[in-house]
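J.: Protein chains in written order, with the working numbering: chain V, 759 to 1051; chain U, 1433 to 1714; chain A, 50 to 373.
There could be a bad hint or two in this list.
Okay, derived cross-link-like pairs now, PhoX-like style, lysine-lysine, Cα gap no bigger than 25 Å in a straight line [claimed, not checked]: (1) V:905 - V:920; (2) U:1654 - A:312; (3) A:250 - A:368; (4) U:1513 - V:963.
Keep in mind the hints are simulated off the structure, nothing from the lab.
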Amino acid sequence: MASDAEAQLREKVKDLLARGKVKLVLGYGKRSGGGVRPLFTKLPDDAERLVWNDQCAPNLAGYLTREPCLGIMHGGGRVGIVAKGCDVRAIVGLVQEKQVKREAVHVIGLVCDGIAAGGSGAAGVPSKCLECEWHTPPMADDLIGDKAAVAPRAGDALADDKRIEGMTDEERWQFWTALFSRCIKCYACRQACPLCYCKECITEKSRPQWIAKSSTIRGNLAYHFIRAMHLAGRCIGCEECRRACPVGIPVDLLSRFLTRRVEEAFGYKPGRDPAEEPFFVTSKENDPDDFIR
Amino acid sequence: MPGNAANSEDLIPQLATVVAVRQETPDIRSLRLGFESPEAREAFAFRPGQFCLVSALGIGEAVFCISSPPAWKDAIEVSVKQVGKVTAAIHDLEVGDRVGLRGPYGNWFPYEAMLGRNVVFVGGGIGLAPLRPLIWQTLSERTKFKDVHIVYGARTVRDLVYTDDLAEWAKVPGVRLVRTVDPGGEDATWNGEVGLVPAVLEKTKPSSDGVLVVCGPPIMIKFALLAATRLGFDPKDVITTLEMKMKCGVGLCGRCNIGSRYVCRDGPVFTLKEMQALPDEF
Amino acid sequence: MTAKRDILRAIEAARAKGYVVFAPTRLEGIPLLAEIEEPLVIDFDHVLTVNTLKDILLPRCERLARLDVEGSGIDPTGDRDAAILVFGSRPCDAAALAILDAILLGEVRDARYERRRAKTIIMTVACSTCDDACFCTSMGYGPHDGTGSDVLLVPAGGGYSVAGVSEKGKAFLSAVGLKEDTGGGDAPPVLSRKVETGDLKAWLDANFDNPVWRDVSENCVSCGTCYYLCPTCHCFDITDETGGARGERLRIWDCCSFSDFTKMAGHQPRRGRHARYRQRVMHKFAYCPDNVGKVACVGDGRCIRHCPYGVDICEVLSKLVSTK
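One chain only, chain V, in its complex shape:
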């Protein structure tokens, strides 16, 4: 990724803010100690603080369903957002599910090779980058970067998926139980997920208390399994949940596993077309049903 992409980005954002095309631009800024963090730019001069590099892992789409963006868009204003291909998929999901109006968002797409090893906190390149088909973000109102010069990261994105698919039922149960046993129920994964926007979460329902609040195995599995069911066919694999987890659990493994099964069975991939109906609200006559026993 060329650093003149960063210069172009700054110019573009400065221009958008100066001309009043957007009230706010969500982007990345420097974080003390290295790395990046979200940066809310409101004035044209704020654009100088924006950065673009191979550490820009966070998915900023989650801010679109919260204040101040929510208030801006409800008031008829527009919000700009610096977005990689994976981030745009989240925006597409929000548009499909009518949480955000397409015209209220100004997508500044950045061509992306992938996040560098260690760039999202954990060692190694994020697995989402290894399987990325979206190096050039679709649905961009402005596109920055040279799509011809993309050098994608190499590796087997599907290694975990294949391993899990090859397990017996008993092995899978052991695998998921072990994975979620160290969950501390901080709900960082839920807060980090751009598609977890429910104002009242099922974890907060007390009549009945579907999900035990404790960080016991019953509380942890209930939470993660129910959340994965809510994300099946919706999870766009941005790995924000994994990045946010303070105890290093790859929370996304289950919802991505389920989403791949949805793709295999129904040919539906989340986050590819804002005009597409969300998966779970449609049924077609030729939907397969051979797995119903």
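With chain V held as given, fit chains U and A onto it using these hints.
T.: This is chains U and A only, laid out in the frame that chain V set:
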């Protein structure tokens, strides 16, 4: 002022038994709770204004003000409005069922500061519950006070609580009882006032040289405090009891604070003067 | 100076006397304080463990009682009998305990915390390095500070100096045959991060409604990470979990950023992320000073290090005090 709970708290309730149940209104039920031994009841000595935590075993625990006169020897009473999981479970309890009980916690109404003065009690809906033990205590020593006014109202006639007590209070010499229901809440036989409690309070024009004690839903308290100020009461003499979500009840779990004051430990009784120094977060 | 092997021997002696030992280890590379069987697994190369002494003294999920609705009712769960040795806590972690003591052992004492605290020895290893998130010196502590520790080991020329900070600590050293040895001691690391809090308390007392709270909480998504990792955050929930007529009453960590922390039927006094973030800052920097005379922050920097969205408490505090 601290409550008189032992100052080492292990958060474990004692067991108590439901000895009587009284349906006050369609969604409010009073439970009389008996203790496992006379010593247990004695150890539960409380003052009007204090609260307790009642557990529907296996469902959960919730906070209730103690709504019975301290003079009752064998039992205490709580009045429960059904609003959620725990209160719904408590509403399902029958005589003979057991509950968990912790307390008494919190501070209490400044009874001594009321002696020799005019007193106005203002209650709305279930807000009469924490006032009830204080009213009984006051009326049992009636001569120690000057005028006693009670202004009590609810949304409709069916939502009035403690109707028997209200009738008793009205009979005490020198007690002026004004009952009211919200506009539209009266029925054919209603012979009280019609109007929101704060408005009716102003209409009764109580002397501002006295103490005013108010409890009800948050919005009613807010307007009643404004009315009390307009009537000329000194903020030191205007007293209320606040409600916030609570879990431990003793100032450990960090939840029920308004600013730096914990409602469970520095309250639930506060004067208007104290509240004016707190952030608007309740 | 005392050699590391003599320290490890003392830990082994404590184990032989029945102490349960907690020490820093690595789990998939992450430094975590955990129960150990064997002193050789102790990690000495980390800056700070991700978790804190809270895990041991105010556990994340603790059974208070068994519930048997149709039978005995409530059966309180007893404490684990063994004495506890925490080895390798850092000075900031120990200082946090002094703050938790002020809150949980005040006018009303948390009985379980009190019992566990009484049988725990805190054997702190002072810091030889720090990272750019550490700011203990700005909070009045330091990388070689002994506040809250029973025993303090300070790196000294390849080994350690040994000091019994409390009476309990001195008695412990004697019991495990480790002599006090307070000569020497390497120079403490120099922290790069400093924050001047100045008139912070006065600013907080006067600015509850200041719109700047929305600005400083912009990046925050209320994920709960900073609360769960903070060594002085102590808020908890009590919940009954049963299958049928039997189950348990649990005490679990809770967090003022969760929207249902203060939500009652029909009334939510803290609406909005900014209101809950304000509660976090106020509780630590205004309410705790009012109630127990201490700021509830030790500058360990976990909130800064681990926040997925880059919220930096030092930046927040600087911005607040400089806002009209």
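J.: Against the earlier hints, flag every one the structure doesn't satisfy and list their numbers going up.
T.: 1
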